[in-house]
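Chemist: My request is simple: use the sequences and hints to build the entire structure.
Protein chains: 2
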Amino acid sequence: MGVSLQQMYTQVHGESPAKRLAILVADDLEKVNDLIHNRMKSPVGMIPDLATHLVDAGGKRLRPMITLATSKMLQVEGDNPIRLATAVEFIHSATLLHDDIVDGSKLRRGRPAANRLWGNSASVLVGDFLFARSFALMVETGHLPVLDILSRASSIIAEGEVRQLAAIGNLDIPKQEYLAIAEAKTAELFAAAASVSAVIANAGAKHQQALDQFGRSLGMAFQLVDDVLDYQGLNSKLGKQVGDDFFEGKITLPLSIAYHSGNQSERKWWEDILDADGRSESDLEKAGQLIERHNGLQETMALAIAFSETAKESLSTFEPSPCRDCLLDLCDFVVKRGY
Amino acid sequence: MGVSLQQMYTQVHGESPAKRLAILVADDLEKVNDLIHNRMKSPVGMIPDLATHLVDAGGKRLRPMITLATSKMLQVEGDNPIRLATAVEFIHSATLLHDDIVDGSKLRRGRPAANRLWGNSASVLVGDFLFARSFALMVETGHLPVLDILSRASSIIAEGEVRQLAAIGNLDIPKQEYLAIAEAKTAELFAAAASVSAVIANAGAKHQQALDQFGRSLGMAFQLVDDVLDYQGLNSKLGKQVGDDFFEGKITLPLSIAYHSGNQSERKWWEDILDADGRSESDLEKAGQLIERHNGLQETMALAIAFSETAKESLSTFEPSPCRDCLLDLCDFVVKRGY
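Chains as they are written, first to last, in my numbering: chain E, 1 to 339; chain S, 1 to 339.
Accuracy of the hints is not assured; some may be wrong.
Note that identical chains are pooled: a pair holds if it fits in a single copy or bridges any two copies.
[To be verified] Cut-off 30 Å, straight-line C-alpha distance, at most; resulting in silico cross-link-like pairs (DSBU-like, lysine-lysine):
(1) 31 x 268
(2) 286 x 312
(3) 175 x 41
(4) 268 x 336
(5) 268 x 206
(6) 41 x 250
These aren't lab readings, by the way, just hints derived from the structure by calculation. Note that the structure is a prediction, hence the values are computed from the model and not measured.
Modeler: Written as structure tokens, this is what we have:
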């Protein structure tokens, strides 16, 4: 089981900021969980079985929380925030199911990945099912621009995943390409999760743009921290294995920094190890040492913090409110969660 | 390369009915082809490469033709029929890419299946990309009910595929379940392809329902004939291999009829052969003989013809017109294409 956002928050900040956020969206988040389970229903039993396995494994629900909290900040009434938060989580879940096939993942959120239990075919199809259901939920809001934002985001996510696939094992990947992949595969959905709230609030282009910027920057910070955590200890508690990226040959920023700053023999080691068919635990240990030597984690974290600050600044467009404070907390949480 | 609809039509009916249909939608179909290529574009080269490989392999474009012809019958002006026909073909293409992973297909439309050339991962992601792009196209029509129809259809298609997956090798599958799977995985998209025209034409619920019924029945006829063709000779020209269903252990209606009508030793043979890890060409020959003995193909065709007649009757709601005549021709073509 994963660790709840509140538990993690508590580890980092002590009780109070987590409680503020949790209290803010707790009721809505419970409605989202109900709607998730309701819309995963199907007479075809394998679909809810597989989907429930993933969805109930204790994900952080970060993306739906962003939709809920930004909608609350804009004082949106009614069920549309619930519908959109659910739609966003469905897109995320579909992406995870398909990613685990692409990555050949063994674990997801501390449980065996769905494709390990039900097979790749079922994971492909249930992902498609969730994706289709997410669009049906958006239709129910009656806001066509929401579908525009989330369909565009979905195609960009797929593009990002293909780019990442093509970049596997390529040590020469420029930092800009790494950042572009992170933006496409992660930050785009964060941006959409936030900016749809401006649509259903009829808040206008300026606020929509600010929320897009907020979500996009927060998503970048989140992905960079994720890449750091893959070489650090804490995330073992989050159900993701330390070293996943390394074992899969993914060139994330910490590794890229160590490679480009390394001496000739270090660079040779990276080239050989990423060219190899597989990598061992002791390879991971050495990789960690080299990354440490060249400040790969610190530099990546510095960039994550900068993105988090940009996210905070984007919120200055909005009037001060308890909701806005919670979103500011969230920006801190995302970068501090591993520390 | 596949055989064009017109060539096939000519084989069946001689020149004239094919020409009528081809003339009717030729200009629009060319616009659809242009839009397909335009919307498959991506800075990520693998996406258009893989998608073009599938889309340019000479599919029949039956589903977009249904959207174009029904829109024309309802005198819809402007580009919305082109957009929707493209969206429908994108959903179909995404489904094919994902199906070929599920089925482990080697060939598609006479070419190596995309997953054989680019790998399963790329096929999963490019399918997702096309699916997302199809929804972006629907948004451009400005008609929310179109998104409702096609998102629902997409989730039903995925359900149908999962049901089919669960039914692999299960000889006891009732005829009703077989028909329900065919309806979900094939007829649902035909129904959507036709009924969206009523939406963009603002033609009202009665006409929308009639077009749904038309597409649904035509789709059933199409799927049943497809299952017949899998045990017959002609389809080798269409780029699908004869015996695909049998080799994959799919229980289609012709096989099911032969099994349920067979004597004890025949039933034993079916059970053993579908339980085996693989099936040979000589197994296929014997399967064909048993199906022949119990009129499996004739009975399946009789059902297909009945569905085709229902499709025709659904069109009686509409005033006589050259467009309606062409759609009637299409109903005949779908059942006669193998003869």
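Chemist: Of the hints stated earlier, which fail here?
Modeler: Going through the list in order, the structure violates hints 1, 2, 4, 5 and respects the others.
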